[in-house]
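Enquirer: Residue numbers (numbering that gives the first Met the number 0), protein chains in the order written: chain F, 0 to 439; chain X, 0 to 305.
Read the hints as simulated data drawn from the structure, not as lab findings. Each hint should be verified, as a subset may be incorrect.
If you anchor each label on the Cβ, the simulated ranges turn out as follows [what the hints assert, rightly or not]:
#  : chain 1 : residue 1 : chain 2 : residue 2 : range
1  : F       : I76       : X       : N164      : 42 to 50 Å
2  : F       : Y176      : X       : N164      : 32 to 40 Å
3  : F       : I76       : X       : K32       : 46 to 54 Å
4  : F       : K75       : X       : N289      : 38 to 46 Å
5  : F       : Y176      : X       : S95       : 29 to 37 Å
6  : F       : L282      : X       : K133      : 32 to 40 Å
7  : X       : K81       : F       : D198      : 50 to 58 Å
8  : X       : E39       : F       : E61       : 40 to 48 Å
9  : X       : N164      : F       : N181      : 36 to 44 Å
10 : X       : K210      : F       : E377      : 33 to 41 Å
11 : F       : K93       : X       : N91       : 17 to 25 Å
Result set (SDA-like, lysine to any residue): computed pairs, CA atoms no more than 25 Å apart in a straight line [claimed, not checked]:
#  : chain 1 : residue 1 : chain 2 : residue 2
12 : X       : K63       : F       : E23
13 : X       : K166      : F       : R34
14 : F       : K269      : F       : G405
15 : X       : K210      : F       : E23
16 : X       : K287      : F       : G274
17 : X       : K243      : F       : K45
18 : F       : K45       : X       : A240
19 : X       : K63       : F       : N154
20 : F       : K48       : X       : K40
21 : F       : K48       : X       : S31
22 : X       : K201      : F       : G274
23 : X       : K40       : F       : M94
24 : X       : K40       : F       : N329
25 : X       : K63       : F       : K269
26 : F       : K48       : X       : E61
27 : F       : K232      : X       : E207
28 : X       : K166      : F       : D251
29 : X       : K166      : F       : E144
30 : F       : K48       : X       : L204
31 : F       : K152      : X       : E207
32 : X       : K287      : F       : L30
33 : F       : K45       : X       : K34
34 : X       : K157      : F       : K269
35 : F       : K45       : X       : E57
36 : X       : K152      : F       : Q147
37 : F       : K276      : X       : D60
38 : F       : K45       : X       : E42
39 : X       : K243      : F       : S290
40 : F       : K276      : X       : S31
Only a predicted model underlies this, so the values are computations on that prediction, with no experimental measurement involved. Ideal Cβ positions, reconstructed from N, Cα and C, are used throughout, including at glycine.
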Amino acid sequence: MFSNLTGKFSAIFNRIRNKGKINENDIKNCLHEIRIALLEADVNYKVVKEFIDSLHDRIQQEKISESLAPTQQIIKIVNEEIIKTLGSKQNNIKMNSEPPTIIMLVGLQGTGKTTTAVKLANYFKKQGHQPLLIATDIYRPAAIEQLQVFGEKSNLPVFSIGRNESPINIIKAAIKYSFKSNYDVLIIDTAGRLHIDNDLMNELQEIDKNVSLQEKLLIVDAMAGQDAVNSAKVFCDKIGISGVILTKLDGDARGGVALSLKKVLGVPIKFIGIGEKVDNFQLYYPERMASRILGMGDVLTLIEKVETAYNENELKKIDKKIKSQDFDLNDFYLQLKKMKNIGSVEQIMDMVPGFNHLRNKIDITKLGDREGELKKIEAIIGSMTVEERENPSIINGSRRKRISGGSGTTLSEINKLLKQYYQIKEMFKKGPKLKNFSFN
Amino acid sequence: MKIKNILFQFKEGLYKSRIELANKLGFLFTHSKDKSEFLEKLEELLILSDLGTTATMEIVDEFKQINFKEYQENNFIFFKEKLKGVLINILNSTASDFKVDEDRLNIIILVGVNGSGKTSVASKIAYRLKNMNKDILLIPADTFRAAAIQQLKILADKAGVEMMNTKEGADPASVVYDGLSAARVRKKNVVIIDTAGRLHTKINLMSELEKIKRVILKEANNSSLEILQTIDATIGQNAIAQAKSFHESLGVTGIALTKMDGTAKGGIVIAIKKNMDIPVKLISCGEKLNDLYNFEADKFIEALLD
C-alpha cells in the first residue's frame, strides 16, 4: 500500500533533486510533511510538536543537509526517533511469583475489552497456563453473555455470578474459586466507562484497593483520535495503568495513538489485536508500529534492500552513464537483474519516491518482473554483438532477425525489449536522475 | 419531542467541552502576543478537536488575512462569530433531517466499524420512533458477535419495541429478508436493522453488507431506506476512511455521531464533511435510551463555541 507521506516526500524530492544539497528550507519542508503525516496518523498535537522540535535539532547536529541522500537520511532518522519513543523492547506480562496472576482490563466503551479478554486468556492457555475469565460488566446488556459465549467457543472457562453482584464481589468470589480449581491467571473483563464518569471510575479504584492486581491494562482502539491522551491520563491517574493493548489494528488506522500514549504516559504497549478471531492477537513490536505510523514501511524496506543490492561504486558508474546518456543495453540488463533481487519492477516503481508518478507512462508489467521475462531478455541481449549492446541504435531489421534466431525469441519480443529500453532511457533523461531517486 | 428540551440536554451533554473551548478561545486572544502565535494556537485547538489537518489548515488560512490588532481590540466574540461562520459553512452544505415517512415502510439500517455504537443507536432510534407511535420491528442482523442478539433483545424490551427472533450464526442477508417479509405481513411502519460491526477494510464483510442492501432493494423497493453509519466521536482521522469506504459500498445516507458524552470534541464530523457530502443526522451522547438528538449544524457549533 502506498501512503500519503511517500507521495508528499516524492514531491519535495522532485523539487530539490537538481540541487545536490538541500538547504534549511528543504529540511523545513520535509519536517512540515512529517508533521502533517504524524497528525494525520492521530498522534497527539503536543506530542508531534515536541517530536518535530527534537527531530530538527538532530538533523542539524548531524549535518544531514551535506549528506548524499538527505531525504532518505531524514526518513531514517524519523523512523529511529519514533522507534526510540515507542520503546525499544517488547514488554510481556509480568507473572506473579505466587499464583494467581490477576490482570484487569479497562477502557472506554467499544474499544474491545471483552474480545481482548478472551484473546489474552487464549494466549496464556497456549503458554501452558490455566486462565480464568471473570465477567464483571454488569451494566452493558448481554456483556456477560458475550464473554461466556466467546469464552465457551474458545474453550476458555468464564467465571460469572450474574449481574446482581458488584464487580468487587464477583472478583473476590472468582479468586476463591480459582484456588480450588488451580487457575493461575485471572483476567477481569470490566464494563466500558467514560473517564469522566466518577461513579464508575471509583468502582475501579475500589477494585484496585482491594485486589492485588498484577497488571492493569488499558484497552485502546488503534483508531483513537486526539482525545485518547486525555482519557488515558485519567485512567492512569486514578488506578495506575501498567500497560496498553492496542485493538483493531487489522484495519488501516495508522495508530498514532501508540506514540502519544507512550510519550505522555510512559506506559508500554504490550499486545495488539488484529482481527476478530481468538488468535488474532500478537505481542507488540515497536519497529513495526513506527513505519505504520509514518505510513512508509515500503520506503524503509526499499532503502534497506537497495543498500544491500548496490554498492556505491556501481552506483557512481551507473549514475555517470545515465548522465552522459550512454546507458546501454548492458546496463539495462544489469539494472533489471538487480531490480529483480530487490523486488518486481512494479514494486520498485511504487516504492521509490519520484518514480511512482512515472509508472503509468510505461508498461511496467512487461518489464521483466517475471522470471521468464528476464530469461528471455538475457537470451536476447546475449545474442547481440558487443557493438549492438553498446549502441542499440544500429540494430536494424537483419540484425533483429539474426538475434531472434540466436535467442530463440520472436521478432516482436525483440522489438518489445528495445522499446522498453528506449522508454527507460527516455525516462532517465526526463525523470529523476539516478542519484536523486537515491540508490545511495 | 420538545425541541427546546432536546437542545438543552444536547448542550448539557456538551457542557464540559463547551466551557473548555470558550476558555480556550478567550485564552487564544488574551495570551497571544502576535498573529503567528495566535494562528498556531488556533491550529492546536482545531487539531485537538480532531478536525484533521486539511480542514484545520484551511480554516487557519482564512484567519491569516485578519488584522490581529483589530480583532484583539474587538475582543474574541468578533473572532468567534467568524470561526462559527467558517465551520457552519463546512457543515451546512447539505442540511438533512432524520425523519420517517408516514405512508410507507421506513427501513433504517445501522452500519459501522466495531464498537462504534450501532446496537445502542438502533435501540435509541426505536425508542424515539415508538414514542412517536410508530409500529417498529427491530432486526438483529449481527449474527456474528457473541451475544449481540441478546444485547439488542434486552434493549428492545427496555424500549418496548418488538424484535424479530433469530439465531447466532444465521446468514445476515437471510435474516434481513425474513425480517422484511414479517414487517410487510404485520404492516409495520419502521424496520430497524442492526448489523455486525466490521472494519471498512474487510472486503468480504463489506460485500456482505452490499448483499444485505440488494436484498432490501429487491424486497422493499417502495420503502424509504436510511443507511446510517455510526461514527465514534473518539475516533481520529481514520473515520474519514471509514466514511469513504462505507459510502462507496452502500451509499450512506446519514451519519450518527456517537459517544459525544465524553471529552472528545467530534470535530471529525467536519473533517468528514470536507471530504464527502454525507449529512450528519443524529448525535448520541449517553447510555440512556433517550440520549439521542437530531444534529443541527448551527446548534452543534454554537454548543461547541458558546
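Enquirer: The structure should be examined with respect to each hint, and the outcome stated for every one.
Expert: Quick rundown of the hints versus the structure:
no.: 1; hint: F:I76 with X:N164: 42 to 50 Å; in the structure: 60 Å, violated
no.: 2; hint: F:Y176 with X:N164: 32 to 40 Å; in the structure: 34 Å, holds
no.: 3; hint: F:I76 with X:K32: 46 to 54 Å; in the structure: 32 Å, violated
no.: 4; hint: F:K75 with X:N289: 38 to 46 Å; in the structure: 55 Å, violated
no.: 5; hint: F:Y176 with X:S95: 29 to 37 Å; in the structure: 54 Å, violated
no.: 6; hint: F:L282 with X:K133: 32 to 40 Å; in the structure: 50 Å, violated
no.: 7; hint: X:K81 with F:D198: 50 to 58 Å; in the structure: 41 Å, violated
no.: 8; hint: X:E39 with F:E61: 40 to 48 Å; in the structure: 27 Å, violated
no.: 9; hint: X:N164 with F:N181: 36 to 44 Å; in the structure: 40 Å, holds
no.: 10; hint: X:K210 with F:E377: 33 to 41 Å; in the structure: 49 Å, violated
no.: 11; hint: F:K93 with X:N91: 17 to 25 Å; in the structure: 53 Å, violated
no.: 12; hint: X:K63 with F:E23; in the structure: 24 Å, holds
no.: 13; hint: X:K166 with F:R34; in the structure: 49 Å, violated
no.: 14; hint: F:K269 with F:G405; in the structure: 61 Å, violated
no.: 15; hint: X:K210 with F:E23; in the structure: 55 Å, violated
no.: 16; hint: X:K287 with F:G274; in the structure: 30 Å, violated
no.: 17; hint: X:K243 with F:K45; in the structure: 28 Å, violated
no.: 18; hint: F:K45 with X:A240; in the structure: 24 Å, holds
no.: 19; hint: X:K63 with F:N154; in the structure: 61 Å, violated
no.: 20; hint: F:K48 with X:K40; in the structure: 12 Å, holds
no.: 21; hint: F:K48 with X:S31; in the structure: 18 Å, holds
no.: 22; hint: X:K201 with F:G274; in the structure: 10 Å, holds
no.: 23; hint: X:K40 with F:M94; in the structure: 45 Å, violated
no.: 24; hint: X:K40 with F:N329; in the structure: 58 Å, violated
no.: 25; hint: X:K63 with F:K269; in the structure: 44 Å, violated
no.: 26; hint: F:K48 with X:E61; in the structure: 22 Å, holds
no.: 27; hint: F:K232 with X:E207; in the structure: 39 Å, violated
no.: 28; hint: X:K166 with F:D251; in the structure: 31 Å, violated
no.: 29; hint: X:K166 with F:E144; in the structure: 14 Å, holds
no.: 30; hint: F:K48 with X:L204; in the structure: 38 Å, violated
no.: 31; hint: F:K152 with X:E207; in the structure: 23 Å, holds
no.: 32; hint: X:K287 with F:L30; in the structure: 46 Å, violated
no.: 33; hint: F:K45 with X:K34; in the structure: 20 Å, holds
no.: 34; hint: X:K157 with F:K269; in the structure: 39 Å, violated
no.: 35; hint: F:K45 with X:E57; in the structure: 20 Å, holds
no.: 36; hint: X:K152 with F:Q147; in the structure: 17 Å, holds
no.: 37; hint: F:K276 with X:D60; in the structure: 46 Å, violated
no.: 38; hint: F:K45 with X:E42; in the structure: 11 Å, holds
no.: 39; hint: X:K243 with F:S290; in the structure: 24 Å, holds
no.: 40; hint: F:K276 with X:S31; in the structure: 51 Å, violated
In summary, the structure is inconsistent with hints 1, 3, 4, 5, 6, 7, 8, 10, 11, 13, 14, 15, 16, 17, 19, 23, 24, 25, 27, 28, 30, 32, 34, 37, 40 from the numbered list given earlier, while agreeing with the others.
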